[in-house]
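Spelled out from the first residue to the last, the chains are:
Protein chains: 2
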Amino acid sequence: MLLAVALVSPLQAQSAPLSAEDSDPRTLGWMQGFPPPPDRIIGQPESNYFSFPKLRWTVCHFRELLPTRQVSRGLGAPTTLEYALDTGIDAVTFTPLGGDAPMTWKASLTANYTDGLLIMHRGKVVYEHYAGCLDEAGQHGAMSVTKSMTGLLAEILVAEGQLDETAQVSSLIPELRDSAFGNATVRQVMEMTTGLDYSEDYADPEAEVWTYSAAASPLPKPEGYVGPRTYFEYLATVQAQGNHGDAFGYKTINTDALGWIIARTSGHSVSDLLAARIWGPMGAEQDAYYTVDSIGTPFAGGGLSAGLRDLARVGQLVLNEGELNGQRLFPAAAIERIRQGGDKSAFAKAGYALLPGASYRGMWWVLHNEHGAFAARGVHGQTIYIDPTAEMVIVRFASHPVAANSANDPTSLPAYQAVADYLMTSE
Amino acid sequence: MLLAVALVSPLQAQSAPLSAEDSDPRTLGWMQGFPPPPDRIIGQPESNYFSFPKLRWTVCHFRELLPTRQVSRGLGAPTTLEYALDTGIDAVTFTPLGGDAPMTWKASLTANYTDGLLIMHRGKVVYEHYAGCLDEAGQHGAMSVTKSMTGLLAEILVAEGQLDETAQVSSLIPELRDSAFGNATVRQVMEMTTGLDYSEDYADPEAEVWTYSAAASPLPKPEGYVGPRTYFEYLATVQAQGNHGDAFGYKTINTDALGWIIARTSGHSVSDLLAARIWGPMGAEQDAYYTVDSIGTPFAGGGLSAGLRDLARVGQLVLNEGELNGQRLFPAAAIERIRQGGDKSAFAKAGYALLPGASYRGMWWVLHNEHGAFAARGVHGQTIYIDPTAEMVIVRFASHPVAANSANDPTSLPAYQAVADYLMTSE
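Chains as they are written, first to last, in the UniProt record's numbering: chain A, 1 to 427; chain B, 1 to 427.
Source of the hints: derived by calculation from the structure; they are not laboratory data. The reader is advised that the hints may include incorrect statements.
Stated by the list, open to error - Per the computed footprint, the stretches of chain B lying under chain A, defined by three or more beta-carbons under 8 Å from a beta-carbon of chain A, are: (1) 109-117; (2) 152-166.
Unchecked claim - Some but not every residue of chain A turned toward chain B, in silico, with C-beta under 7 Å: (3) 34; (4) 37; (5) 38; (6) 39; (7) 41; (8) 77; (9) 81.
To be verified - Derived coverage of chain B by chain A (criterion: at least 3 residues anywhere in the stretch with Cβ under 8 Å from a Cβ of chain A; other residues may be distant): (10) 59-69; (11) 201-213; (12) 257-271; (13) 275-288; (14) 332-344.
Heads up, the beta-carbon is just placed ideally off N, CA and C, and yes, glycines get one too.
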């Protein structure tokens, strides 16, 4: 649940948040005019830019608030996406989790404050929709979908034999020897089954996430600040709690540790490696970018912003297990291992009521449903949802007022399943 | 001479700066490793990142230190640059201004700490060179070459009848009524013949540039700060000195005022307008970007970073007076007016010893030499040099230890002339 950067306040309780239509950033007029009206300015950091409804503007504009590092698409022509738009999808109906009245697919888009949604079926775009701050030429914060990019890179390195998943972290990153990560294995980090004394409870002012956020901020530290100043410095301070391997605990710092492992192993930051292994080879049509800390380290746990179609290209490449137009970009084993899933019993201990029987592997959420679906998931509704049985990829950018995906899952997960069923039977 | 942002210290006197080779950022190892060694970190803002030799890294990495705003190239394929490389250029010789020994073109590249240089002749690339922090897929700070982009946009709006160059600034921007800009004309702003009480002498701690830099910084203001907080707020405080129209005075704030005029007139920030009118239509191969202030205003006076080839595309488009592959992107009159030049007698009063007989028009430097050359120029050696007679465009990115172009002009201007002569006779 970690937000993109430091300096965010705990999310305020939203008893009755504005609707998607009423909170549309264009309707509210954020950052329009030269200058915008004083009460319509979203600046850094006084304006609390990641609070709703401001976040509905901010999710498309992180680079205007923070230093960032490019994920280059390269210099050539982008690969072409084939289109076979299906106008029947809007009318597909489903029953929200825990509900009893049916809802249409189209209604789910506004219910979930969707900013962008694209569906690929059998390699072709069958649905594409933009709203709020996003259009086809924009980039949107992927939030914790970033984690799945980090995990994908790690699985590629493992599949290629460049990274030993059984290695102890301290053998790769000596600086982490005295931290809780030191005696964890790379695989435990990749599955977030490390035992870490770390809380991301934003409502608790004593939670470790606040120290982490202060360390991660690229802004000048307050006078007298004596804490860690970078991701790396923070990670070295993390203490143990419980035993590695026992339970799944969704803690962003695992991904930052994995980003460090990837950088030390490959010689490239996650932003550069994502460009070299994925963004360039797949023919992205836009550069992407990561927010960075004060020494330029990309935020491997949540800092990526990208275009919707490019995220769809990633999803399709993952569905295709690394093959694109007959060319192999990475070993199929990287995806096969993700699809196998992680330790279900360790996952169950985390108590995700809406994800029964699921697991977490290579920083992807594996649903273990009948279709073998797996997903990248980020706060406020970001996702790459891959259904191998339906040969379907859904990518969604959103700015739901509630961070936790438990707020949008009831109108997302059954909707995805309904569209999958529709696509499989409508041919 | 304004640097990209606030928080730069006055340039230190460099009695014997490192050579181009010895100061190569790869040689010095800036920002290499995870993390880089402590004395090889260039961060924000404590590290004084725009001091030599750090600036040799920084000029390619502004976005990693500062918030930025995208200049989108769009989503299609870039236009192809035709190549006809001429290996004879390296051996072209010239005599530096004020010197007596000849120098080769090739030697001028290192003498000027060149990071990238591309020459177009009759629409084809005849020379391309990268060094230091730059490669073909990188972006480099254009510094005050940015001003010429702002001026180009303004000349386009004037030529299209959207902007009245005779209008008083106060009639377009009421917020500037009580500032020195209020009773200046748009044209006086475009030619920097406004009378402004403003000094960019970085050696003077009382110089107005420091207030300007503090206002322009996107970083949180120090506690107790009471000055202007944005470009716009600063511009409204500028006081008069002398009479408008009397003398050329190279003051960056004119360009920021012009950026404001452009935004108010067109409804688009200079970054968005540059994307819509130039970057997209010309088929750029990379996005560019601007640094921004605390409310997202792009730095019209110096904030652009771009790829070398894309800057060459701009230069070629200007040489072609707005035509690209048979399509007209803007009225030829926009360039014709720049090429006419500005008020030579007003320019002469500024005392540029190395630019005798020159003038400044539409934020371009017009040399009034035999070839009718004109140029965009930025500190530390950035340029777009256009020679209509030789049908030649030279673009240079550089990181010369001395900011003022008077330090590199002696080994640049005669070199450009020599290459022009070579290209005209070598066919």
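Here's how the hints hold up against the structure:
no.	hint	verdict
1	109-117	violated (count 0)
2	152-166	violated (count 0)
3	34	4 Å, holds
4	37	11 Å, violated
5	38	10 Å, violated
6	39	12 Å, violated
7	41	5 Å, holds
8	77	4 Å, holds
9	81	10 Å, violated
10	59-69	holds (count 8)
11	201-213	violated (count 0)
12	257-271	holds (count 4)
13	275-288	holds (count 3)
14	332-344	violated (count 0)
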